[in-house]
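*Asks:* Residue numbers (numbering that gives the first Met the number 0), protein chains in the order written: chain A, 0 to 169; chain B, 0 to 727.
There's no promise every hint is true.
Stated by the list, open to error - If you want the footprint, here are the derived chain B segments under chain A, 3+ residues with CB under 8 Å:
1) 629 to 641
2) 677 to 689
Claimed, not checked - A few chain A residues that don't get close to chain B, going by computed Cβ distances all over 12 Å:
3) THR26
4) GLY61
5) ALA62
6) LEU69
7) ALA78
8) GLU100
9) THR115
10) ILE146
Stated by the list, open to error - Residues on chain B that point at chain A, a partial pick, calculated with CB under 8 Å:
11) GLU351
12) THR355
13) GLY371
14) ILE692
15) ALA695
16) VAL703
17) ALA704
18) LEU705
Hints are computed from structural coordinates only; laboratory data are not their basis. For each residue, glycine too, the CB sits at the ideal point set by N, CA and C.
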Amino acid sequence: MNSVVTQADGTSATARQILTFRLGEETFGLDILRVKEIRGWSPVTRVPQAPPQVLGVLNLRGAIVPIIDLRVRFALPSAEFTPVTVIIVISVKMLDGSTKECGLVVDSVSDVVDLTEEMRREAPQITGSASIDYIESLATIDDGMLILLDADALVRGEIEIATGEQNAAA
Amino acid sequence: MSIDLAQFHATFFEESREALDTMEAALLELDESGGDPETINTIFRVAHSIKGGAGMFGFSDIASFTHTLETLLDELRNSRVALNERISNALLQSVDVLRAMIGTVQHGHEADPERVATLHAELTALVKGAGVDTPPPPPVIAVEASTPPAAAPAPAGAAAPESTSARNQWAIRFRARQELLTRGNDPVRLFSELAGLGPLDARPDLSTMPTLEALDPEVCHIAWDLVLTSDVARETIDLIFEWAEGDCDLDVKRVVAAPAEPAAVTEATETEQAAAPEAAAPVAAEAPSAAAAKAEAPIAAPAVVAAPAAASAAAPVVKAVEGSGKPAASADSTSIRVSIEKIDELLNMVSEIVITQSMLNQLATRVDGVAGDALKSGLAQLESNVRELQESVMRVRMLPVSFVFSRFPRLVRDLSHRLGKQIRLKMTGEQTELDKTVLEKIGDPLVHLVRNSIDHGIEMPDARVEAGKPAEGTVHLNAFHKGGSITLEVSDDGKGLDKDRIREKAISRGLIDARDALTDDQINELIFLPGFSTAEATTDLSGRGVGMDVVRRNIKELGGSIELKSEKGKGTRFVINLPLTLAIVDGLSVQVGEETYIVPLVTIVESLQLKPGHSNNLVDHGEVFSFRGDYLPIIRLHEAFGVEPKARNLHEGLVMVVEGDGRRAGLFVDSLLGQQQVVIKSMESNYGRIEGIGGATILGEGAVALILDVPGLIRLAANSQPAARLIA
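Assemble the whole structure, with the sequences as input and the hints as a guide.
*Replies:* Structure follows, in structure tokens:
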């Protein structure tokens with residue numbers, strides 16, 4: 000079902016395909032066009048001076064890709080890595096226009112859903128809370144809430160924090 | 000018919016650049032050989048093809064500049080002008096100017112118009128000095144229809160080098176004015192008279208032919224390009240045309256041999272008004288008959304002329320093809336252009352195969368029996384094939400070192416002229432191959448060394464003679480393979496390093512103490528220190544503070560090293576050792592806790608195990624240990640990288656003495672795993688720079704290992720550990 004909805008700001012969007020995954024009790028979603036691959040958990044190589052959410056790096060067909068633990072990122076209690084623990088490899092646009100690849104560790108991958116504009120809800124602005132600019136919007140799916148993540152905002156911050164600290168130290 | 004020419008621009012720029020390189024090399028060769036006709040021909044061909052291309056694409060500045068250049072070269076070729084210093088300088092500068100002009104149209108950078116104009120004027124003056132007027136440059140857009148005068152005698156390109164002296168060729172451009180026929184002049188008669196002097200090739204040019212309705216049968220609309228092979232003097236030819244004088248436009252030029260005309264094909268595609276047959280294939284017989292169909296009366300005559308020429312028409316075409324084949328043969332075997340990204344992609348895939356293959360090897364050990372044996376032997380075969388494949392792909396990135404060396408003849412020539420020194424440049428081992436990236440980065444350090452040799456090393460001719468040496472000094476560039484690395488040498492037979500002066504200077508700069516007793520090698524090392532230059536007067540060549548320390552740093556960045564040997568009065572020799580490729584590093588793999596790190600071999604001085612009590616604590620300023628009389632700080636890798644180690648006591652693990660940026664430190668690790676060559680992967684492409692880490696690599700089983708950046712690590716330690724700062 001591809002319906003075109005015109006938003007208030009005049010832009011229009013058709014239904015998007017969203018990859019949903021579980022993290023603790025919550026369901027999150029990422030635009031499937033950003034997902035490059037999904038692979039099982041494998042031990043990573045630790046990287047010195049990395050922020051805690053950056054677990055390390057992994058060899059992805061010859062490229063060295065940083066792996067980010069979303070549980071740490073979202074301040075959730077850490078969990079054991081089980082056989083269903085997966086790494087979602089996404090591509091991210093950096094501010095300078097370059098594209099970087101990055102792996103996100105999540106508890107499990109659930110589904111691919113079509114998301115239309117009617118299902119989308121703005122995330123409430125909670126004053127005083129930590130920055131949640133990586134949340135693009137919320138949506139209701141099967142009576143549950145889906146937190147749609149903005150891949151760029153989510154990871155851009157991570158990598159920039161990681162390397163920014165280096166530059167400051169150097 | 001419109002073709003988007005822009006898509007061919009890049010090719011034109013690239014080819015022109017290559018052509019200019021060829022031209023520069025040939026010009027320098029010309030300097031030595033003193034005007035070898037074959038070399039002049041090469042230069043002429045290059046200038047001509049640039050002109051052709053520039054004309055076609057409408058770069059009129061370049062076209063008109065090269066036209067003048069070509070005219071001068073033509074004079075040289077016909078020995079009407081003797082090669083002299085002024086001309087060869089102007090020609091060399093033309094190469095620079097043309098490079099700049101091409102850069103201008105390509106990137107929109109402004110070339111210095113004044114310089115272009117000055118040089119253009121100089122070239123024109125040189126041509127004038129030769130007693131010949133520069134014919135006006137051909138109209139840029141019209142080049143297509145009428146082959147430019149110099150290009151006309153394409154068949155002359157067939158004149159093989161051995162036959163150049165045999166016969167002269169005259170290129171005659173004959174364009175009838177309207178009243179030619181009415182005044183009783185008959186082109187056929189003129190041409191047959193010419194044909195009496197020697198073999199004649201006539202090509203009609205029908206570009207000015209009006210349409211049938213507008214055609215006046217009483218008027219001659221045709222122009223001809225004639226090539227006469229004969230030893231007759233210019234006067235004899237002029238005599239034939241004497242009666243037609245005023246009724247025609249005549250341009251007579253002498254040619255020895257002319258370039259094969261590559262523009263012929265493009266002409267066909269570019270020319271709208273010229274009917275296809277005559278432009279594409281200059282078959283003399285066919286063209287006039289086509290014209291005859293349009294207008295009978297005046298054209299009947301040329302057809303007759305064309306007949307004898309027709310016989311020879313086929314031959315020149317074939318010969319021209321042969322001619323164009325010759326320069327290609329000297330310019331190496333066939334090749335294609337491939338972007339470096341594609342090769343890197345290929346290299347990536349190959350290293351992936353290597354990893355997969357070693358994974359399969361491990362799996363195969365679990366298979367027993369006959370099937371297992373077969374599998375293992377199959378995998379062994381695969382392994383050797385994959386290794387060969389990897390080496391082949393690596394070799395694709397390799398280029399001969401002559402790519403860098405080729406800029407030196409010009410540099411040495413210019414510098415020695417400026418300084419009034421006599422210097423001969425000797426180059427050996429130019430075919431030694433090196434990774435392209437290394438090659439690009441070694442250029443500047445080499446230039447610096449060569450400049451130093453010329454400026455500081457080689458003495459003035461009289462001083463050399465006084466010292467009992469030949470007046471001409473020699474700078475020698477040498478390249479050769481040595482084990483898994485390549486060695487480049489820059490040596491000169493100049494005055495050598497003045498050890499006393501270096502010593503004095505080092506003392507005056509506070510770099511060493513006056514009481515220090517230094518060995519010769521240690522003194523030589525001093526010139527690599529920052530801010531050191533012994534030139535008495537700084538010249539604009541060298542001695543501006545950008546010194547040997549920069550050279551050494553650049554070479555270290557490439558994973559190489561530089562050494563210096565010098566003997567007073569005999570000369571100086573710099574020896575640079577470089578890895579064959581930047582993509583691979585020789586390293587020792589070390590273990591710290593669960594992690595494996597790669598330490599580049601070039602940074603390791605030695606590895607040792609400390610006995611208990613051999614290290615000292617500088618109160619709370621960190622630890623040091625004694626190494627050959629010096630106290631070196633200890634960097635515990637597990638602390639620097641926050642890893643849980645297996646060994647905490649210094650005598651349980653291993654201390655590696657490493658050196659980076661001239662500073663030494665002891666790197667404390669758990670154990671040594673072994674030496675291996677690893678492929679360097681960038682951390683920055685997906686993550687970012689990490690202080691102390693130079694990159695990453697993928698180990699046999701597919702896991703990632705980080706490669707240490709030793710200078711960075713020492714800096715990092717110096718920031719957090721005061722003991723390490725002591726050596727800073």
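*Asks:* Taking the hints in turn, state whether each one holds.
*Replies:* Tested hints:
1. For the stretch 629 to 641 of chain B, the proposed coverage by chain A is satisfied: 3 residues have a C-beta within less than 8 Å of a C-beta in that chain, meeting the threshold of three.
2. Against chain A, the stretch 677 to 689 of chain B contributes 9 residues with a C-beta closer than 8 Å to a partner C-beta. That satisfies the three-residue criterion, and the hint holds.
3. With a least beta-carbon separation of about 27 Å from chain B, A:THR26 lies farther than 12 Å from that chain, consistent with its non-interface assignment.
4. For A:GLY61, the condition that its CB be more than 12 Å from all CB atoms of chain B is violated, with the nearest at approximately 4 Å.
5. Non-interface call for A:ALA62 relative to chain B: violated, since the shortest CB-CB distance, roughly 6 Å, does not exceed 12 Å.
6. No Cβ of chain B approaches the Cβ of A:LEU69 within 12 Å, the least distance being about 17 Å, so the stated non-interface status holds.
7. At roughly 21 Å, the least C-beta separation between A:ALA78 and chain B is larger than 12 Å, which holds for a residue marked as non-interface.
8. Look at A:GLU100: its CB is around 5 Å from the nearest CB on chain B, not clear of 12 Å, so calling it non-interface is violated.
9. No Cβ of chain B approaches the Cβ of A:THR115 within 12 Å, the least distance being about 33 Å, so the stated non-interface status holds.
10. A cut-off of 12 Å between C-beta atoms confirms that A:ILE146 is not in contact with chain B; the least separation is 25 Å.
11. The closest approach between the C-beta of B:GLU351 and any C-beta of chain A is roughly 5 Å, which is under the 8 Å cut-off, so the hint is satisfied.
12. The interface hint given for B:THR355 is broken, as the beta carbon of that residue sits about 10 Å from the closest beta carbon of chain A, more than 8 Å.
13. Because the closest C-beta pair between B:GLY371 and chain A is about 26 Å apart, greater than 8 Å, the hint is violated.
14. A hinted interface residue such as B:ILE692 counts as satisfied when its beta carbon comes closer than 8 Å to some beta carbon of chain A; here the least separation is about 7 Å, so the hint holds.
15. Taking 8 Å as the C-beta contact cut-off toward chain A, the hint placing B:ALA695 at the interface holds, the least distance being around 5 Å.
16. The restraint placing B:VAL703 at the interface with chain A holds, with a minimum CB-CB distance near 4 Å, inside the 8 Å limit.
17. At about 7 Å, the closest approach between the beta carbon of B:ALA704 and any beta carbon in chain A falls short of 8 Å, and the interface hint on this residue holds.
18. For B:LEU705, the shortest C-beta to C-beta distance to chain A is roughly 7 Å, which falls under 8 Å, so the interface hint holds.
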